[in-house]
Amino acid sequence: MDVTIRVKRQDPEAGDERRLPYWQDYPVTIADNATVLDALIQIREDDDGTLSLRCSCRSAICGSCAVRINGHAGLACKTIANTVVQDGVIAVEPAGVMPVVKDLVVNFDLFWEKIEAVDPYLKHMGQEPEGEYIVSNEAMLHLSGVTACIMCGACVSDCTVLEVDPTFLGPAALAKAYRFTADPRDGDAEGVSMERLWALSEPTGIWDCTRCNECVQACPKGVAPMDRIMAMREQAIQAGYDNNNGARHTDAFTESVGHSGRLDELRLPIKSVGMMNLPALMDYMPVAFRAMRRGKMPPIAHKNVENVDAVRRIFARTQPEPEAAKVSNNSPFG
Amino acid sequence: MPEDLQHDVLIVGAGLAGMRAAIAARAGGADTAIISKVHPVRSHSNAAQGGINAALLDRGDDWEDHAYDTIKGSDFLGDQDAIEVMCRQAGASLIDMEHMGVTFNRDDEGRLGTRAFGGQRRARTFFVGDFTGQALLHVMFEQLIKSGVQRYEEWFVTSLIMEEGRAAGVIALEIRTGELCVIRAKTVIFATGGCGRLFEPSTNALIVTGDGMGLIYNAGGQLMDMEMVQYHPTTLAGSGVLISEAARGEGAYLRDKDGNRFMEKYAPNMMELASRDVVSRAEQTEINGGNGVDGCVYLDCTHLGEALIMEKLIQIREIGIDLAGVDMIKEPIPIRPGMHYIMGGIKTDVNGLTNLSGVYAAGECANVSVHGGNRLGANSLLDTIVFGERAGNHASDAVRNTGFADFDANAALAQERRRIQEMLDRPENGDRWGAIRKDMGDSMNRNVAVFRNEEGIQETLGDLHDLRRRYENVPVQNKGKTFNTDLIFALELGYMLDCADTIAVGALERRESRGAQFRVDYPERNDEEWLHHIVLTKGDGGPQVSELPVVITKWTPEERKY
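Sequences listed follow chains G and L, in order. Take 28 as the starting number for the first sequence in this note's numbering and just add one per residue. Take 58 as the starting number for the second sequence in this note's numbering and just add one per residue.
So that you can see chain L by itself, here it is in the shape it has in the complex (with noise of 0.2 Å):
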């Protein structure tokens, strides 16, 4: 057994946003490590397949265009104060990705080169083909392994340590050894992404369970606006895979059954490139009113020609052909909404911060709120970097003058074996995880979706209840230590559960239709009842329900059309 461990600053999860703090913190003098169950570069940061947004004034573009976009493509629901932070840092943060190394694509300058993206009126997507996200995510890697940051690669999680009402370190599994240690920390950072896989199917990668979002919601913490769940536009049906928006910015059309470009009937100037809230919208509308095939839609990239595709889109049509079968140099490929990214998550302030002392959080996990209602895409990316250094700088500079709380180890290291030992002990009559995951993607991919309404809320609502008390007996087969993967997916599918209560509970709370929550039963937006975040935190019956006003500070809100 080590002794214990110990870090000033603590980051867990190491995607874009997990190592870019831990740099700048690392940069700022303090001793830093980083934690995460995979090894870095396996990171669903990689995922994301179009580019970064950034406003380059030598480009002739103006951050507050950028900000305009965003607070729209928010439905208004996102904090102006925190757009505005993000969007006049993009372009240093992007120059700055680009000296570390990342190859983007140039124009025939050999400047940057841009694509157009959906929801924003000028092309300011910054792009590496399109696997943008993969390009970013080993750059900041190699950046890592420069930084002399201690890594702690394929350690899990169990819990988040509290004590003198500040952070003060957390549980974790190494999973090749099944050991458990205390690793102390005055700071401790949550990058741990979204919680894509309580819905089935997502896009998300295995890894995506929510786990920072549930550590911190069962230690107190608030989640924010968890009812707005992007549904992706162009989604491959059955694996749910991703086909990246760059198709559209590339000039790829949507077409019903009978070819027509339906996006005329529902965003007649931006028409495919409206905002992700608004496509998805259109297509299951097209698709439940009888023109789609088998519950799809196509995406038509027929006309962009062989070499635009094999320069810009080489990933997605290997997919194409990979997992559909269908070559879209050739013939258009079936796609349809999926969920794909939570706009919520742990609420935070610009600079990571969260309500819990010493506790932040960043990218994805976290809610700052940039995102609103409705995140454009490539501001994903952006926010990982922006919002991960934020945190980091913030958190080196909290502990300077800060020693670590104290607290008895062994005692909470004996409380957490018991727990797991506990669930290692239970008989193997229950339900196993994947059942229980499976049930409960189906029941919010029905009901949490694209289209909702009180009834089917509620019907999940009384889903995830049951969910839980069968969730209580789950059996872990694998009674080892080394790499003990049925352990770990046990463990985070208690996670998920969390999040998907808070999820449904906040859907059900707001009675209006903004952004991505589109409520049949209350199909306008409410400014005057609605225009606020809704809080979420943990209380004996469930999630407790409270709310925050939107941060206004020039742009007023007003209808949204594309």
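Pulled out of the complex, with its shape left as it was, chain G reads as follows (with noise of 0.2 Å):
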């Protein structure tokens, strides 16, 4: 198969205009069922030295890849190349948020600051057993689901919020956190990781994430973090952390919806914030007065959905027990 391998490179040293981000074409002759990364070895061995870029296994366990093909993130070692050319061309771009070091590397320095940020170790709270942790197979199969993360950043590069908010956890280093707020083994007899929920409930952490889905498409593995972020805002709830603008928001939308059966958009942010949040209501003003002055405030009455019995009986079905007694919402450290 013929076709145009297209590389968005870069050059840190260059002293000319390749300092800054530039496409070259390698029009490459390959087999039928070559990956990316194959075309990419080829360029990089018989054609230009100088193309850099960072690949071993061949076979999507080291997770050292990562690029954008035809703008998504994905493995080059694991599309085959057949599948992405577009007009006889295929696109490849560094992965996206981490900084570019030369051509498709990137820096990962945030990426595993983040990832030691969470803590990344097993912490049992009391005496390790003799032999083996007694667990069932089911919990390890359901952890293995997350271990099966192989680091690549495919997730970090096109998660929308670290694109625009550098202090987010992220989706790869979030995933990895369940991975321990999930293991039976971790945090206290119960295994409950109260400590871990605790911080991740705080800005930066859970709430954090906007679900849009990209992290779960652009992941390799199927380990889907999204997912994983949104069975931790369940723990951390479970868990009485829900003294926070996500799970107010939570609340108050389930409450809205629940009660009328269509959201209620002017209280939803107030309830979320907290309404004794003055400095927080405040920073709304701007917002509601630009949304007035475009005729886009919603309506101060919140009326009920037709037939809304119908949609209280849904939740009257779905709500869970009220629990007895929820633990303390303040700092396990005291």
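Bear in mind the hints are in silico, worked out from the structure with no lab data behind them. Please note: incorrect hints may appear among the correct ones.
Taking lysine-lysine and the BS3-like style, the derived pairs with C-alpha atoms no more than 30 Å apart in a straight line are [as the list claims (entries may be wrong)]: (1) LYS35/G x LYS495/L; (2) LYS323/G x LYS298/G; (3) LYS495/L x LYS595/L; (4) LYS618/L x LYS314/L; (5) LYS387/L x LYS322/L; (6) LYS150/G x LYS203/L; (7) LYS330/G x LYS298/G; (8) LYS387/L x LYS314/L; (9) LYS35/G x LYS203/L; (10) LYS538/L x LYS35/G; (11) LYS536/L x LYS495/L; (12) LYS495/L x LYS538/L.
Partial chain L-side listing against chain G, Cβ under 8 Å, derived [as the list claims (entries may be wrong)]: (13) MET157; (14) HIS195; (15) GLN534.
Glycine is no exception: its CB is placed at the ideal position from the N, C-alpha and C atoms.
Starting from two chains that each stand alone, build the complex the way the hints lay out.
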């Protein structure tokens, strides 16, 4: 197969415009079942030794070769070239969010800092058993779906929150955190990782995800980071960490739809930040004025949908029994 | 330019063996650093799929049974004292890994589950799906983060410095900046993995280029049993990517073009689960005899059922779909023997110490020797964590009352800069490293593979001689400093050529058939003349051959049948 590999390159040492990102076309002839990585290696070995990229295992386990292919993050070694050719061209760019070192090589420092920030190692509160921990195979298989993560950075590359807010822990580190919060061996005797869930409920954590689903699409290993983040929200609320914008937002959302069958968009943000939280409420004022000026202010009187009783009956069926007692909202560190 | 860096214990290579050594050395109180040309989780330990062996006493297993299976698997070339150390320690090391957080598959009672593996009489292979190596590697990295070991990630070691007859440190290139630095160390542990890329094709990752073996060989160290190269029975045609032995462990069949289970002829008792050398030879015999299709035979998983495959073989199913276009739930997948592992390596004692003072080796780059002529599947992960830990412990003890060897770091650095500048300044008309590596890989795979003979090995030795001449003029197109992979590959090729020489010389020297070495011109095992290790050291005209006895404690060599 003849194809043009169009590579976005950049050389910080160049004395000319190649210091800035530019596209270079490499026409190659490759086997029909060749991967995008096969094509890049062929270019590097036979044609242009100045092209820099990371790659190693060729079988989607080492996580080295995450790049953007036609605008979307993925592993070059797991992408069959003939499935992504567009008009004879495959566009290959460095992964997003992380700064470019050279050509397709990006700087992972921020990525690893975030991984380290979630204390990425098992923390068992009690005495270790003499032999192995006795846990169910189902629990381990469930975790293996997360530990399948190869830290390639594809999810981070395409995360729409990290793109604008580098403080967000991001999908890879949060999936890593879930690998512990969902591990029956981590945390207290019941396997609840209180300390972690408290820390993850803070700003930059689980409530900062906007559920855009890009990480799920980008992940080459089916880890589905966003789903893990949503699962941790549940765990955190279950553990009693519900005194924050995210948890209140969830409650306000549920309460509004459960009561009237539709979202009360006027009160949702107020309830989310907290009715008494004056500084945060003041921050909303400019948004409110702009909305008013453009005629987009939600109605002050919130009406029920027709047949609201049906909605309420559905809610009544799906709501869990109220819990007896919840643990304190305070930090577990006292 | 940073000031001289220095550490008590410096580990080169951050796969399982290297990280385990670093954690042990740090726990022993030594100022410890680990240096790796890739980020630790990119290391090739990832590629181990099927599992890790251990004889757990509370399962009714016995370390002596594990030891016997290992010794028989090695075709009696493994040192029995070292094998005893490994098999006795296996249970404790396995439980350590579980406590660290590895998500091992469980049995119905919630205890660690096992699967059967080749060359072993009982199921003692513990596993995480079919990505056990990856699961262990990432957990080891978690523990490395916790340990406080200094990490030099994406640094490439270009020289080992010996002074006053002992280890003094290394010179390394920071890949991101292109700066060369001296790192002083009282002890240096090499855990740099194998050298599989000098074969083409190979299951090995592109980073597996024999760096540590080459560095130690050039510093006067001993390589041992380098002719013992494992061809794995189930690799994909073309790319050579691995399909785990876990498939056969879970019950998959090997079939010829007519659907016959040909292993009946070669290993009537163990069938598909005979040792790897036996199965690979059987496949190659069938393929050469015209019973294959396009140079392959078939691995048939279709009778295992979707549920089992989706629970335990999910990664290899994906590899089959991605790289061969075959869904193993529905149809047999074409496979063939492919270069996978080297049993040979840097000669060490059971504490990882080499013949060079202060220099250690562990993992695939080392030869303790626990694998002898043929490694059992799932013994390699065990080897890395047992001997990685032992090397780390011993090295941290050794530095307590020792100072740093004194040497002129500036002079060493200046000399290394000149060497590398000379490579960068070469005219661009020589053959590229890629072409030289490919020719080397083809020659090795043609003549130093499953079946070997004197004529073929001599041909490859001639090829290697020519390749080295071409290598002396290999150009480096990239002249820059930032992430110059072109330069790294050119340096790696030098290590690969050194390793290739020793493999070919060892294969020529051993005039018998044992384990992975099958000489069609000497088809029998010959204990009288060849029950010893072949040691290779660097001489003026190439590798110099000597021999060392095999350590035999209580298992007398016997005929090997599966």
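Okay, the hints, checked on the actual structure:
no.: 1; hint: LYS35/G x LYS495/L; result: holds (28 Å)
no.: 2; hint: LYS323/G x LYS298/G; result: holds (19 Å)
no.: 3; hint: LYS495/L x LYS595/L; result: holds (24 Å)
no.: 4; hint: LYS618/L x LYS314/L; result: holds (26 Å)
no.: 5; hint: LYS387/L x LYS322/L; result: holds (27 Å)
no.: 6; hint: LYS150/G x LYS203/L; result: holds (11 Å)
no.: 7; hint: LYS330/G x LYS298/G; result: holds (18 Å)
no.: 8; hint: LYS387/L x LYS314/L; result: holds (17 Å)
no.: 9; hint: LYS35/G x LYS203/L; result: violated (37 Å)
no.: 10; hint: LYS538/L x LYS35/G; result: holds (19 Å)
no.: 11; hint: LYS536/L x LYS495/L; result: holds (23 Å)
no.: 12; hint: LYS495/L x LYS538/L; result: holds (26 Å)
no.: 13; hint: MET157; result: holds (6 Å)
no.: 14; hint: HIS195; result: holds (7 Å)
no.: 15; hint: GLN534; result: holds (3 Å)
Hint 9 from the list above is the single one not met by this structure.
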